[in-house]
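J.: Kindly generate the complete structure, drawing on both the sequences and the hints.
Chain by chain, the residues:
There are 2 protein chains.
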Amino acid sequence: MAQQTNCAVGAKLNPNYRKLAAGYLFPEINRRVKEFIASPKASNVKKIIRLGIGDTKLPLTSTVIEHLHNGVDKLSRPETYTGYGVEQGSKDLRKALTDFYWENYSVCLEPEEIFISDGAKCDSGNIQSIFDIKSIVAVQDPAYPVYVDTNVASGRSGAFDPSFSCYSGIVYMPCNRSNGFFPNVPEQHVDLIYICSPNNPTGAVATNHQLEPFVRYAMDEKAIIIFDSAYSMYIKDPSLPKSIYKIDGAKECAIEISSFSKWAGFTGVRLGWTIVPKALVTADSKPGDEFTPWSLWDRRQCTFFNGASNIAQDGGLGVLTEKGIKESQELIDFYMENARILSECFRKLGFEVYGGTNSPFLWIKTPNNMKSWEFFDKMLEEANVVITPGSGFGPSGEGYFRVSSFGIRENILEGVEKIESNLIL
Amino acid sequence: MAQQTNCAVGAKLNPNYRKLAAGYLFPEINRRVKEFIASPKASNVKKIIRLGIGDTKLPLTSTVIEHLHNGVDKLSRPETYTGYGVEQGSKDLRKALTDFYWENYSVCLEPEEIFISDGAKCDSGNIQSIFDIKSIVAVQDPAYPVYVDTNVASGRSGAFDPSFSCYSGIVYMPCNRSNGFFPNVPEQHVDLIYICSPNNPTGAVATNHQLEPFVRYAMDEKAIIIFDSAYSMYIKDPSLPKSIYKIDGAKECAIEISSFSKWAGFTGVRLGWTIVPKALVTADSKPGDEFTPWSLWDRRQCTFFNGASNIAQDGGLGVLTEKGIKESQELIDFYMENARILSECFRKLGFEVYGGTNSPFLWIKTPNNMKSWEFFDKMLEEANVVITPGSGFGPSGEGYFRVSSFGIRENILEGVEKIESNLIL
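Protein sequences, first through last, are from chains A and U.
Just so we're aligned: the first sequence equals residues 1 to 425 in the numbering used here.
Just so we're aligned: the second sequence equals residues 1 to 425 in the numbering used here.
Don't take every hint at face value.
The list makes no distinction among identical chains, and a pair is therefore deemed to hold if it is satisfied within one copy or across any two copies.
Restricting the straight-line Cα-Cα distance to at most 30 angstroms, the calculated cross-link-like pairs of lysine-lysine (DSBU-like) are [stated by the list, open to error]:
#1 LYS34 with LYS91
#2 LYS348 with LYS134
#3 LYS278 with LYS19
#4 LYS323 with LYS74
#5 LYS365 with LYS326
#6 LYS19 with LYS47
#7 LYS47 with LYS95
#8 LYS34 with LYS47
#9 LYS91 with LYS74
#10 LYS34 with LYS74
#11 LYS19 with LYS134
#12 LYS91 with LYS46
#13 LYS326 with LYS74
#14 LYS47 with LYS348
#15 LYS348 with LYS46
#16 LYS46 with LYS378
#17 LYS34 with LYS371
#18 LYS46 with LYS74
#19 LYS41 with LYS91
#20 LYS19 with LYS286
#21 LYS34 with LYS286
#22 LYS47 with LYS91
#23 LYS47 with LYS74
If you are wondering where the hints come from, they were derived from the structure by calculation, not from laboratory data.
These figures come from a predicted structure and were not determined experimentally.
T.: In structure tokens, the structure reads:
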């Protein structure tokens, strides 16, 4: 219908949105859960346990709460009230993050290279806009849907091919058992490479040894790596890199996006950051030019964005105090104990379980090669537990499901009990 | 240099950013002020008074502070903690805004048509992305620079022509003395029309009589009006419309973007909203289709955005209480008294002054037809007062300057005193 009127005069919609297959993953999960609850099958169901979406459940820590209250109080007095902040974020917060990277990762950054934002989702969606529309995009497969969807909406793909569950024009880098859930570098030339480590959804953490070839590839091909480290604080193993800038040369080819969400429970408060090194090179720019990725991201943020909430930024400063860091570590330890409990449950039942040791996510093979959505429905109907179907993250996610350890202990234990008692295997 | 390497293989920058002329207006103002302060001319200057950027200065009101603290407290307890909210905004806040529109403007909206965001700047920058890249864009001239800049960055213009201070491919609708600072409808076909009322920068408020032809034009041409009502709470005259939806037919052709920033001092807290009626029509969609402006904005917000800060949203609920509305009105009355004082000062000195009665902005003709930036420098050097050069808002702004009434009384009076004593006319 719509296509018939495409030649008509007048405002038209961005046609790329028509390519976006089906709904966004999480709304689709919510839809199915609602449908189930309303169905006769659910007449005896007392409670649904959600091990799906990776949403934090523990309250903010006392240091953060104190800083947030203080941030609010500052707005109540004329002498401390602040209106428009700097679009790139408060000086103090940029400086505190620079110090954090130096003290904890031995990574040296300038405060100006860190752009504060209202979260890693927005930044990982918007970062593509500073690059040429003809850029060839490569993603890990499976991957967080935002990387692909924002490039599709912006016009960097062809149509969705339902038989392969992928978009033409996007390069999918399969992550599976045979490669330890980390891909080889692309065989062809690509321009933008999205890497997430610890990975959402697989929970796999890239080693130095795995990242080095990507940095070499990016240097050789003048490609840009967009490195999502939103879960890096869940890495316990000191040999695993928490920042892409641990790899030699990464400052010339990689952007890092990260967040206070999973680290400190800021999923609702909204605060993240993106690092665009001034040394970053593209095929049409070199450091010091007027137009570089750094200067374009700066301009993009000043034009389309007006800074993160000043209250949230005060909260972020709280996270970065000595006490704040310690308290956030306790949140992480709590969720990682959930991961251990969940992992044990699924292993005991004979599932093939990945992730969950340096990451809050478990990535689990479905039994009997069931399709992901099929198993989603089975889990929902039999155990009344919501998991996330792996196929929602890309074609290589088919036959897997993701379990999130973000939950209060009572729910995790109840979920485990329901799965152990009611799932028919 | 960059163009020489354009054929090289590798990631390239979005070339549209190269078209964006000079810096964004406000950073350029800050640069000039800094330069002046560091110069020998400023050796005896004790204080610079800023009447430039429209940044709120009064603290948040007690009801809002209470709601913000309460929002923070909720995050400190497991039973009230919330993580990811709905991307479109909290149900309560959407409902409260619906009620507000009904009770105050007799405008009937569905809560689902109101999308909460982190501010009107982001929304007015992002709204273009749901429309076809080939859309012809019309802006009031002068206008808030974000409308033009975001369309240029996204590829909807040709090059910047420095001799006319405008971009080819963008339709400028001149607003000047002869048309009462409100334009006639375009003579050609356009697809997207940005209208801001009360206007930033001219302070002019569009009447029903002025808006009606635009709604008729949009219906006839299947154009979309993007109506920025961020300053609507400054309208005192009951005959002037505070919402585009007061005009018959506007729900079929207009999107309205608004904000808590200037209404309640949320410039730093970050909270705004965008209304996309379900009845909105484009040339390639009609209400009820799967793809409509409403469904695309919904999808855009779910994909590129993760909701406004939950704390800020609690603050917004505070603004919308009976007490909150009354208190915000006091903030507005205070700023409008500033506008009166500033207006009187400039009139007394013989300036031609517009705006400032139903708007916080004064739009003033430079003396002796001076260029805007020339007068900016003169005002800075002689009176040590920062104003905003009109030419920064578009070619028809040349020869004008904007004065903002957002300030504490002491500063306004000090500015007036400096201008009256030191400006050489």
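J.: Now tell me, hint by hint, if it's right for this structure.
T.: Going through the hints against the structure:
1. When the C-alpha separation of LYS34 and LYS91 is checked against a cutoff of 30 angstroms, the pair qualifies only between copies, where the shortest distance is 17 angstroms, while the shortest distance within a copy is 45 angstroms.
2. Taking CA atoms no more than 30 angstroms apart as the test, LYS348 paired with LYS134 passes in neither setting, with 48 angstroms inside one copy and 57 angstroms between copies.
3. When the C-alpha separation of LYS278 and LYS19 is checked against a cutoff of 30 angstroms, the pair qualifies only between copies, where the shortest distance is 21 angstroms, while the shortest distance within a copy is 35 angstroms.
4. For the homomeric pair LYS323 and LYS74, the shortest alpha-carbon distances inside one copy (22 angstroms) and between copies (21 angstroms) are both at most 30 angstroms.
5. Taking the shortest Cα distances, LYS365 and LYS326 never come within 30 angstroms of each other, neither inside one copy (35 angstroms) nor across copies (58 angstroms).
6. Taking CA atoms no more than 30 angstroms apart as the test, LYS19 paired with LYS47 passes in neither setting, with 36 angstroms inside one copy and 56 angstroms between copies.
7. For the homomeric pair LYS47 and LYS95, the shortest alpha-carbon distance between copies (28 angstroms) is at most 30 angstroms, but the shortest distance inside one copy (46 angstroms) is not.
8. Taking CA atoms no more than 30 angstroms apart as the test, LYS34 paired with LYS47 passes inside one copy only; the shortest distance there is 13 angstroms, against 61 angstroms between copies.
9. With identical chains, the CA atoms of LYS91 and LYS74 are at most 30 angstroms apart both within one copy (17 angstroms) and between copies (28 angstroms).
10. For the homomeric pair LYS34 and LYS74, the shortest alpha-carbon distance between copies (26 angstroms) is at most 30 angstroms, but the shortest distance inside one copy (42 angstroms) is not.
11. Taking the shortest Cα distances, LYS19 and LYS134 sit within 30 angstroms of each other both inside one copy (17 angstroms) and across copies (18 angstroms).
12. Within a single copy, LYS91 and LYS46 get their C-alpha atoms only as close as 50 angstroms, which misses the 30 angstroms cut-off; across copies the closest is 25 angstroms, which meets it.
13. When the C-alpha separation of LYS326 and LYS74 is checked against a cutoff of 30 angstroms, the pair qualifies both within a copy, at 25 angstroms, and between copies, at 22 angstroms.
14. Taking the closest pair of Cα atoms, LYS47 and LYS348 come within 30 angstroms of each other only inside a single copy of the chain (24 angstroms); across copies the shortest separation is 72 angstroms, beyond that limit.
15. Taking CA atoms no more than 30 angstroms apart as the test, LYS348 paired with LYS46 passes inside one copy only; the shortest distance there is 26 angstroms, against 75 angstroms between copies.
16. Only within a single protomer do LYS46 and LYS378 lie at most 30 angstroms apart by alpha-carbon distance; the minimum there is 17 angstroms, versus 74 angstroms between protomers.
17. In this assembly of identical chains, the alpha carbons of LYS34 and LYS371 lie at most 30 angstroms apart only when taken from the same copy (21 angstroms versus 62 angstroms across copies).
18. For a Cα distance limit of 30 angstroms, the shortest separation of LYS46 from LYS74 across copies, 27 angstroms, qualifies, whereas the shortest one inside one copy, 45 angstroms, does not.
19. For the identical chains of this complex, LYS41 and LYS91 are inter-copy neighbours only, at 29 angstroms across copies versus 55 angstroms inside a copy, given an alpha-carbon limit of 30 angstroms.
20. Taking the closest pair of Cα atoms, LYS19 and LYS286 come within 30 angstroms of each other only across two copies (19 angstroms); inside a single copy the shortest separation is 35 angstroms, beyond that limit.
21. When the C-alpha separation of LYS34 and LYS286 is checked against a cutoff of 30 angstroms, the pair qualifies only between copies, where the shortest distance is 28 angstroms, while the shortest distance within a copy is 52 angstroms.
22. Only between protomers do LYS47 and LYS91 lie at most 30 angstroms apart by alpha-carbon distance; the minimum there is 23 angstroms, versus 46 angstroms within a single protomer.
23. In this assembly of identical chains, LYS47 and LYS74 lie within 30 angstroms of each other by CA distance solely across copies; the values are 24 angstroms between and 42 angstroms within a copy.
The structure is inconsistent with the numbered hints 2, 5, 6, although it conforms to all the rest.
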